[in-house]
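Peer 1: Protein chains in written order, with the numbering used here: chain A, 1 to 353; chain B, 1 to 353; chain C, 1 to 353.
Take these hints with a grain of salt, some might be off.
Because identical chains share one entry, a pair is satisfied inside a single copy or across any pair of copies.
Stated by the list, open to error - Under the rule of at most 30 Å between Cα atoms (straight-line distance), these lysine-lysine pairs were calculated in the DSS-like manner:
1) Lys264 x Lys230
2) Lys198 x Lys264
3) Lys117 x Lys136
4) Lys312 x Lys297
5) Lys198 x Lys136
6) Lys66 x Lys27
7) Lys61 x Lys349
8) Lys117 x Lys91
9) Lys77 x Lys61
10) Lys60 x Lys351
11) Lys90 x Lys230
12) Lys230 x Lys198
13) Lys198 x Lys77
14) Lys43 x Lys312
Think of the hints as simulated: they come from the structure by calculation, not from any bench.
Keep in mind the model is a prediction, meaning the values are calculated, not measured.
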Amino acid sequence: MTVQEIATWLQGEVVGNGTVRIERVAKIEEADQTSISFLANSKYERFLETTQAAAVLVSKKYQNVKLPHRDNLAFIKVDDPYLAFLQVHKKLTPVVDPFPAGIHASATIADTARLGKDVCIGANVVIGDGVIIGEKTKISHGCVIGVATSLGAECQLYPNVTVYHQTRIGNRVTLHSGVVIGADGFGFVPNANGPFEKIPQLGIVVIEDDVEIGANSTIDRATMGETVIKRGVKIDNLVQVAHNCVIGEYTVIAAQTGLAGSTKIGRHCMIAGQAAFAGHLEIADRVTILGQSGVAKSIREPGGVYFGTTVKERSRAYRIEAVIRSLPELSRDLYQLQREVEALQQALKEKKS
Amino acid sequence: MTVQEIATWLQGEVVGNGTVRIERVAKIEEADQTSISFLANSKYERFLETTQAAAVLVSKKYQNVKLPHRDNLAFIKVDDPYLAFLQVHKKLTPVVDPFPAGIHASATIADTARLGKDVCIGANVVIGDGVIIGEKTKISHGCVIGVATSLGAECQLYPNVTVYHQTRIGNRVTLHSGVVIGADGFGFVPNANGPFEKIPQLGIVVIEDDVEIGANSTIDRATMGETVIKRGVKIDNLVQVAHNCVIGEYTVIAAQTGLAGSTKIGRHCMIAGQAAFAGHLEIADRVTILGQSGVAKSIREPGGVYFGTTVKERSRAYRIEAVIRSLPELSRDLYQLQREVEALQQALKEKKS
Amino acid sequence: MTVQEIATWLQGEVVGNGTVRIERVAKIEEADQTSISFLANSKYERFLETTQAAAVLVSKKYQNVKLPHRDNLAFIKVDDPYLAFLQVHKKLTPVVDPFPAGIHASATIADTARLGKDVCIGANVVIGDGVIIGEKTKISHGCVIGVATSLGAECQLYPNVTVYHQTRIGNRVTLHSGVVIGADGFGFVPNANGPFEKIPQLGIVVIEDDVEIGANSTIDRATMGETVIKRGVKIDNLVQVAHNCVIGEYTVIAAQTGLAGSTKIGRHCMIAGQAAFAGHLEIADRVTILGQSGVAKSIREPGGVYFGTTVKERSRAYRIEAVIRSLPELSRDLYQLQREVEALQQALKEKKS
Chain A
1 MTVQEIATWL
11 QGEVVGNGTV
21 RIERVAKIEE
31 ADQTSISFLA
41 NSKYERFLET
51 TQAAAVLVSK
61 KYQNVKLPHR
71 DNLAFIKVDD
81 PYLAFLQVHK
91 KLTPVVDPFP
101 AGIHASATIA
111 DTARLGKDVC
121 IGANVVIGDG
131 VIIGEKTKIS
141 HGCVIGVATS
151 LGAECQLYPN
161 VTVYHQTRIG
171 NRVTLHSGVV
181 IGADGFGFVP
191 NANGPFEKIP
201 QLGIVVIEDD
211 VEIGANSTID
221 RATMGETVIK
231 RGVKIDNLVQ
241 VAHNCVIGEY
251 TVIAAQTGLA
261 GSTKIGRHCM
271 IAGQAAFAGH
281 LEIADRVTIL
291 GQSGVAKSIR
301 EPGGVYFGTT
311 VKERSRAYRI
321 EAVIRSLPEL
331 SRDLYQLQRE
341 VEALQQALKE
351 KKS
Chain B
1 MTVQEIATWL
11 QGEVVGNGTV
21 RIERVAKIEE
31 ADQTSISFLA
41 NSKYERFLET
51 TQAAAVLVSK
61 KYQNVKLPHR
71 DNLAFIKVDD
81 PYLAFLQVHK
91 KLTPVVDPFP
101 AGIHASATIA
111 DTARLGKDVC
121 IGANVVIGDG
131 VIIGEKTKIS
141 HGCVIGVATS
151 LGAECQLYPN
161 VTVYHQTRIG
171 NRVTLHSGVV
181 IGADGFGFVP
191 NANGPFEKIP
201 QLGIVVIEDD
211 VEIGANSTID
221 RATMGETVIK
231 RGVKIDNLVQ
241 VAHNCVIGEY
251 TVIAAQTGLA
261 GSTKIGRHCM
271 IAGQAAFAGH
281 LEIADRVTIL
291 GQSGVAKSIR
301 EPGGVYFGTT
311 VKERSRAYRI
321 EAVIRSLPEL
331 SRDLYQLQRE
341 VEALQQALKE
351 KKS
Chain C
1 MTVQEIATWL
11 QGEVVGNGTV
21 RIERVAKIEE
31 ADQTSISFLA
41 NSKYERFLET
51 TQAAAVLVSK
61 KYQNVKLPHR
71 DNLAFIKVDD
81 PYLAFLQVHK
91 KLTPVVDPFP
101 AGIHASATIA
111 DTARLGKDVC
121 IGANVVIGDG
131 VIIGEKTKIS
141 HGCVIGVATS
151 LGAECQLYPN
161 VTVYHQTRIG
171 NRVTLHSGVV
181 IGADGFGFVP
191 NANGPFEKIP
201 QLGIVVIEDD
211 VEIGANSTID
221 RATMGETVIK
231 RGVKIDNLVQ
241 VAHNCVIGEY
251 TVIAAQTGLA
261 GSTKIGRHCM
271 IAGQAAFAGH
281 LEIADRVTIL
291 GQSGVAKSIR
301 EPGGVYFGTT
311 VKERSRAYRI
321 EAVIRSLPEL
331 SRDLYQLQRE
341 VEALQQALKE
351 KKS
């Protein structure tokens with residue numbers, strides 16, 4: 001595609017030479033005469049003068065756009081240069097579809113399973129009794145789908161995913177490799193002197209539409225009822241969601257975060273990595289929890305930002321952290337002040353006597 | 001079953017109408033005329049007046065039990081309403097057995113492996129040379145059992161578990177999907193200027209009877225000797241147990257906790273989620289470690305409860321946390337006190353002169 | 001082998017009787033007349049008098065070596081008794097090779113894949129289109145190698161590893177079970193009111209020579225460009241490396257540590273367990289991060305040691321932790337000092353009036 005063709009496709013505006021042919025994408029400092037690049041961060045503005053790119057995507061709001069200094073360079077003005085760049089990248093990058101076409105001969109599919117049109121089933125996949133799989137859903141090699149589980153349409157399961165029995169999965173759900181959905185919740189009747197009796201885990205997991213779950217994350221089935229991952233939730237790698245949790249719509253959870261049993265997270269929350277939630281909490285909508293934070297109590301107020309173990313409101317947490325960093329001096333000052341007060345007391349006593 | 005039949009089966013006592021037929025279990029606020037529910041938490045007591053349930057399990061100690069206000073409602077008095085409810089739930093819920101019957105044709109089983117009576121072996125299972133599997137043990141799809149490993153009777157391995165070579169697993173052990181037993185311990189000879197030399201990991205993992213290990217947890221083999229998970233230990237998801245650790249009988253470890261090499265945990269300990277243990281520690285029996293705590297030294301005293309990074313005794317940790325939360329004010333007060341002491345010093349100096 | 005033969009093989013020196021035949025290795029306190037043991041820690045020195053071993057490896061620097069008190073005991077003086085012991089252990093322990101010989105009939109190998117000489121491919125392995133596998137590389141049961149991925153020579157992939165498409169892996173790389181290489185980075189365009197749009201993850205993962213990655217760890221593919229694990233890096237279990245991270249040569253990362261996107265770690269760093277790194281950081285060479293630390297800013301200075309959330313230089317962090325542990329007393333002292341200052345102020349006022 002030429003620079004002009006790309007600009008037209010992006011609904012952007014060319015400033016400079018639109019005739020050069022683009023073959024690849026590149027960073028602005030590494031680009032060559034076949035490349036398109038982008039400028040989204042003013043730190044990189046200096047490269048505009050030296051870049052070898054044939055085209056650079058810039059923001060419509062960007063003030064410094066004038067005609068390029070070279071006649072084989074163009075700027076393309078767009079609303080969001082980074083997103084536009086990703087679109088071009090996707091268009092120019094040959095797509096590798098990691099999902100197998102058709103149904104592999106080595107798959108083990110129960111007679112009672114019902115597969116939708118145009119499903120892809122990889123090698124060594126095992127599909128249990130009574131499973132229902134929607135149209136165009138792709139299940140890659142080595143996945144195991146337990147008895148009586150249902151998946152909607154256009155889902156993508158990468159290799160070696162395990163979904164336990166009776167799970168209900170919506171449409172357009174993506175599960176990355178090593179994900180385990182529906183393993184038993186961690187429930188035992190404590191016994192001070194002997195074996196713990198297992199509490200049977202009779203509930204299920206429900207995953208609504210448009211959820212994505214990262215590699216090796218685990219979502220446990222409910223003790224009774226349902227563990228629910230609501231529509232549009234995005235979960236990163238190595239995240240633990242315990243029995244009976246509910247994650248609200250469009251909430252995002254970064255890697256290695258853990259939720260103990262029965263905790264309910266609101267909608268549109270942002271949970272950073274390695275955060276931990278105690279059990280039976282309720283977290284309001286649009287709450288942000290920063291990395292490594294420990295949440296031990298419910299958060300009823302929507303929209304706040306929290307940090308620390310246990311969590312404090314962010315600006316408070318930052319003030320506390322500033323004092324913590326100066327605690328050795330604070331402690332020394334206090335000790336010195338004690339000496340000074342003693343001296344004052346002594347001086348006053350001497351005065352009196 | 002009728003209410004009376006359920007009560008008899010539970011060794012409970014009916015107060016009210018025992019003739020209604022029960023078909024399902026439900027929460028007290030969601031129950032209908034075919035449901036049995038339970039009251040285990042006084043917060044839910046108000047629902048006793050309005051529930052549509054046919055029967056409610058209540059504690060024998062519960063004071064407010066009088067004849068129900070409806071003639072199609074009964075209370076069943078039992079020792080532990082929650083446990084009784086789980087028993088009824090289990091009885092009324094159709095059991096889904098996620099384990100395949102028999103030995104699947106696609107399994108790869110070494111000639112030298114010895115399988116006990118009534119084992120179940122799923123699709124694509126691989127069983128190595130010299131493996132011994134006890135009676136009624138169930139190994140689901142995609143599991144790999146390494147060379148010379150032994151499993152006892154009545155174990156359950158969910159899909160896609162990996163057990164490395166020479167592991168010794170007892171009876172009635174449950175391993176959830178994605179568990180990895182016996183991977184190499186993390187041992188390298190440091191080298192300040194070049195590659196680290198690997199320390200060969202020649203030991204094994206021993207898992208005793210009645211252990212349950214959650215999804216995607218990892219138990220490393222010993223460098224020499226054994227990593228041991230003792231009888232009745234329960235481990236949640238995504239837990240890391242390093243080489244040469246020993247976990248004492250009936251200890252419970254919640255999700256995402258990690259133990260560094262050679263640490264020994266006592267019996268009947270309770271370890272909450274995301275806790276971390278340094279290497280070469282000894283933790284006494286019946287110790288409780290709260291969530292996200294970091295344990296850097298051995299704990300010799302049995303029975304304590306600890307929190308924090310690094311851990312303090314719980315009530316001490318809570319007092320410290322209370323001061324931490326007021327550090328900005330404490331710091332301000334100290335600063336103000338410094339000013340006041342300066343003023344006093346000045347006043348006294350002026351007096352003197 | 002006799003004691004003398006072992007000593008010769010280790011280039012060590014025998015003090016005492018070299019004729020006894022050694023059959024196994026053992027701890028010094030558990031050894032018998034067929035065993036060789038070692039002394040590497042002075043805490044165990046007392047066992048030299050009582051051990052039943054036939055030989056004990058001791059350091060050449062060890063001062064207390066005199067002729068043993070028994071005529072069927074020998075000391076072998078070596079440079080590093082622990083390493084020497086591991087070498088003997090390896091020599092005397094029958095090797096179990098967990099890797100299958102040859103290419104298993106149940107493997108699914110794309111016609112366009114190119115396999116080097118003497119590769120081992122286990123049962124149910126799936127190898128995608130265009131995959132290249134070097135000489136003597138061993139891929140155990142249930143592994144899935146995505147389309148257009150390349151592996152060098154002499155790699156070892158334990159069972160149930162997943163490598164996504166287009167990954168580039170060097171020589172002598174070891175991946176333990178459950179590892180997932182190349183899953184999508186966690187990138188979504190936030191949307192305050194509705195679904196998050198996925199940022200396509202078009203980059204790849206590059207793993208250089210001599211890397212080892214522990215069980216169930218996850219290394220995400222780059223959004224664009226490469227996530228890079230450089231030569232000689234050792235990564236423990238359950239570690240998360242996000243999109244576009246770069247881990248420098250010979251760096252070691254312990255279990256359950258997580259790196260957010262685009263963070264670059266230097267060479268020869270030591271990262272302990274459960275540490276967390278924010279995104280877009282740069283960490284200098286030879287930096288040590290202690291367990292559970294949270295790194296929120298770049299560290300430009302090479303060679304430092306850091307601890308805490310957020311991290312402080314180690315000795316500073318230890319001083320802070322000491323003050324934190326005494327905060328209840330510090331707070332009480334401050335309160336008492338406030339009372340004393342008030343009393344002084346009152347006394348001075350009374351004096352004045």
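Peer 1: Indicate, hint by hint, whether the structure satisfies it.
Peer 2: Hints, verified against the model:
no.	hint	verdict
1	Lys264 x Lys230	within (11 Å within a copy, 34 Å between copies)
2	Lys198 x Lys264	both (24 Å within a copy, 24 Å between copies)
3	Lys117 x Lys136	within (6 Å within a copy, 39 Å between copies)
4	Lys312 x Lys297	both (11 Å within a copy, 20 Å between copies)
5	Lys198 x Lys136	between (39 Å within a copy, 19 Å between copies)
6	Lys66 x Lys27	within (21 Å within a copy, 68 Å between copies)
7	Lys61 x Lys349	neither (73 Å within a copy, 65 Å between copies)
8	Lys117 x Lys91	within (27 Å within a copy, 38 Å between copies)
9	Lys77 x Lys61	within (8 Å within a copy, 72 Å between copies)
10	Lys60 x Lys351	neither (77 Å within a copy, 71 Å between copies)
11	Lys90 x Lys230	both (28 Å within a copy, 27 Å between copies)
12	Lys230 x Lys198	both (28 Å within a copy, 17 Å between copies)
13	Lys198 x Lys77	between (62 Å within a copy, 23 Å between copies)
14	Lys43 x Lys312	between (33 Å within a copy, 28 Å between copies)
Consistency with the previously given hints fails for numbers 7 and 10, ordered from lowest to highest.
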